[in-house]
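Take the two lone chains and join them into the complex the hints point to.
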Amino acid sequence: MKILVCISNVPDTTTKITFTNDNTKFNDNGVQFIINPYDEIALARAIEIAEANSGEVTVIHVGEASSEPTIRKALAIGAHKAIRINATPKDAHFVSTQIANYIKSNSFDLILTGKESIDYNGSLVAGMVGELLNIPSVAAIKKLDVDNNQATVEREIEGGKEIITIPLPFIAGAAEGVAEPKIPNMRGIMSARTKPLEIIEAVSDNTQTVILKYETPAPRGTVKLIDAGEAEKLVAILHNEAKVI
Amino acid sequence: MSVLIYIESSDNKLKKSAYELASYAKTIAEKLNTSVTAVAIGDVDRSELESLGKYGVSKAIYVSGEKLKNFVNQAYASIIAELSKETQANVVVLSNSLSGKGLAPRVAVKLNAGIVDGAIDLPDINDNKFVVKKTAFSNKAFAYVEVESDKKVISLNPNSYQVIEKPENITIEEYTPEIKDTDLRTVVKEIAKATNKVSLADADIVVSAGRGLKGPENWAMVEELANLLGAATACSKPVSDAGWRPHSEHVGQTGLAISPNLYIAIGISGAIQHLAGVSSSKTIVVINKDPEAPFFKVADYGIVGDAFEIVPKIIEEVKSLKANS
Ligand SMILES: Cc1cc2nc3c(=O)[nH]c(=O)nc-3n(C[C@H](O)[C@H](O)[C@H](O)COP(=O)(O)OP(=O)(O)OC[C@H]3O[C@@H](n4cnc5c(N)ncnc54)[C@H](O)[C@@H]3O)c2cc1C
Ligand SMILES: Nc1ncnc2c1ncn2[C@@H]1O[C@H](COP(=O)(O)O)[C@@H](O)[C@H]1O
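So the sequences go chain by chain: V and A.
According to the working numbering, the first sequence is numbered sequentially starting from 1.
According to the working numbering, the second sequence is numbered sequentially starting from 1001.
Looking at chain A on its own, in the form it has when it is part of the complex (with noise of 0.2 angstroms):
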């Protein structure tokens, strides 16, 4: 028995979900009676690897080979699998990241396993139930659901829970897998990588504007608070459709759901469209000209008036809260 975490890299470095997830499997494992056991595939440092022992990992799996430097959805599926079953882990958990949605319920279907998907708390884990709460409805409300089957694959919102420092005596094991060629039918022809941007689904901190800003050529005051916090930056949908902004940065029911700590909404009206994809964002502050803007409601700080004058004023700020620290 184990608990088993899939964790992601990027440049050779783990990604804070990493720690997430290491945090939220020793807190299960430790229910269960049981150790964390983390699979790495790809490049990754291994450094990175050892330092998860900090956050309660006993083992940690680590998976290389040609065939696997990109991502490849089937493979890295089917290897963690394949190691799933070798720990006898009876529960895996992933990130409810990007590549982790294509995963995790692959990963499912191999395990015959139960699935929660964007879980943000542990499981209720009590006679026999085990009770995994998320988001449902586009993040306007929260379902418990409870796992009937005996294994069991949950895939963890990023940002969703705090990192713990639970230092454990970590072992490094190498595995080469066999890898299936039907497992290989995608190839990756081209990454694009915007370079030194923060990532919008992982940032702890957005910025974000709509079409209040009038046109594209007033962004660069967005992209300056948002470099000066160390921010990612996001948009409402009107303002990707406009092509304003990239799709990419595009936030809402139909776009990316985010949670960071801190979202800055800059003449967004609040569509209840919108809300859906930042609700769960621990603090917002909104900037909008008009008192009536229904995102008031839902913001923990707000400023009423012109973004022109104000958005300039709080980088001038920043600034020189940066300097004194």
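So here's chain V without its partners, still in its complex pose (with noise of 0.2 angstroms):
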């Protein structure tokens, strides 16, 4: 079985967001980058699917050569293999042109992604991807069990859940409950050091979207404190000020 796992190379989620050049570039100064951590959760079930089907877990990343750091983490953590298409990720579309267009020419039975990356949270790629290739995609899964050729995966809907089977291939993004993630260990961390990381040049594709700028949310006000002894006026307070209950 052959799986593959996108990745994307994100600020770390304790990173304080601000931006440069007139608040049209993230400032990236001092900021440690991660594997998106939905990715992690989709790497980890990749893995043990791979361990239960004598399979093989592939992870590509659409990216500058400063994301390496990030490819040889999920190396460590156990991929097999690595793919670094050589292009600065420029809209939701194009990093999906790119995939898309790796898969046609190396097939897959089963591509992950997470279900969205915490830095611009478009939840776009697995849809995208599963369009491009006229396959299915459910856009996050939060369980999945694979027996030959079909899955059954779990989706979140509003007040419940939906289970569903899907033949392969698919693409699927992974959120909580997929699996743990893994921690990588020391005979990891120096086996990613030779493992492949093979690197492909982008093929051209026109962006559809461009962002013009950015900006911080206003802080809020300073909170309105109700003193304990009288908690029970903050209900007067939601009903007839802030008018929400």
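By construction, these hints were calculated from the structure, which means they are not laboratory data.
Some clues are possibly wrong.
[Unchecked claim] Capping the alpha-carbon separation at 16 angstroms, the derived lysine to aspartate or glutamate pairs in EDC-like fashion look like this:
1) Lys233/V with Glu1317/A
2) Lys1289/A with Asp227/V
3) Lys142/V with Glu1190/A
Right under this line is the structure:
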């Protein structure tokens, strides 16, 4: 079984988000980059499935050389090999086109992404790659089991969940619950250095969107404190002043 | 030319997001001198579709069929794209809901349209520029995205656009699509819905609790308060990791991102990853015994004290408010 996991390189979750160049560019000065947390979940599940089915896990990343530490981390966690498409990830369509193009010439049984990247929060890549390849896609799954050529996945719906069966190959975005992220061990870290990391040039694609500028949310006013001894007053305030209950 | 919206329903009724989409699309349609067409797929009452006329929809297309009773991502995406072409829609708007997230990227690729996911405001349409504001960096920032393609797809965050009445005479059409077998590869085997529970993703009010509540046995008061307020319940990540509450209740950077009108946080410290998922709530109330808890910095109202004393008091007060109204 051949499994492909798409990984993006994102600012660490504790990063204070600021911008430069007149709010047109993310300020990455001093920022620690990590594997997108959902992609770590996808990778962990891919490794488990590969182990059970004598399979192989490839990770793919569309990005510049500066994201190689993130790719090496994925190899240390247990991916067998890595592909970097050498380009700036301009928008979701561009990234999806690169990934779909790679899949066309290297068939996979299962393709996993994260449910969203925590920087641009698109939730787009799984659906776009699915559409470009005309294979099924599920935006966010909470459980994934593979049995021969068929998978059973669980998807969250408003107020409950849905259990779906899908024939391989398909693409899905991993959310919490699919697996516990794996921490690389010493052997993994050592072997990551020698595992293959192939660099491929990008195919051309027109971007369809461009980010013109960023903004950070206006700070909230200061908190209005209510004395614990008069906690019940909160209810009247929410009813009469905030008008939310 | 038209603006097309895909609206969602559950138990034959339209979701609240349907009216938000209608109002949002109507405002865009006015700017572009055109009208709004709504597409509904699956079981929904006719009277519900008619009610969209009040919010500016001129035409509703109702798509049904045995194979479409359950949500099938690919088949639904094909239908939406097909009807977008047929009605010559140049703007297509969907809800950025759990199902909408599956549809929007596929529809965009089919239409060769640029997409803005998680939009939170109207597009700014000027000098042939089409710019949409969306959340980015897990609610820590906003991005203004220009869509350069002719056709545009927008997925609108729930709860981010006001419902506005703008009555139109609505006509309702039925449409029976041809569905390709390749669009029906995914099969829904089972749907498990928690009955009479308010769904977290589109709740107006959310009561949420964290590790400060010590253990799962203490959630009765959280549920009681939520029931009284017609609210959904949520929790912090360590709480669902410990199995005190289901994963589906986990909000934050790695959980669900929500923006209810009211978010009540009980015994949650307000870690940056938690705030990422809730900070766009309109009103935030924090109950925490530690006055230094970071959550107070983003709260509108706060009570410093022991949740086990405060929450029961609030419950009693809500009861008497309900009794008197
Ligand atoms: C990659 C990554 C992703 C993460 N994603 C998320 C996420 O999506 N969502 C999330 O929630 N967290 C997330 N976290 C975890 C986050 O960093 C915090 O650890 C977590 O939010 C803390 O949960 P908590 O507030 O319930 O617990 P704590 O931080 O332990 O806070 C408990 C609070 O309860 C208060 N308290 C204690 N007793 C009482 C009482 N009797 N009455 C009133 N108050 C009381 C305490 O003062 C304290 O402030 C993530 C972390 C990482 C590293
Ligand atoms: N530059 C990239 N290279 C490889 N995979 C990516 C890239 N960007 C996003 N992805 C994948 O697509 C998922 C969803 O990203 P997004 O659509 O940006 O929210 C991520 O969790 C990754 O799995």
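**Study point:** Restraint status (C-alpha distance of Lys1289/A to Asp227/V at most 16 angstroms)
**Key:** This hinted pair holds, its Cα atoms lying about 12 angstroms apart.
Check your understanding: When you check the alpha-carbon spacing of Lys233/V and Glu1317/A, does it fall within 16 angstroms?
Key -> Measuring from Cα to Cα gives roughly 8 angstroms; hence the hint holds.
Review point. Between Lys142/V and Glu1190/A, does the CA-CA distance stay at or below 16 angstroms?
Key: holds (15 angstroms)
Every hint, counting from the list given before, is met by this structure.
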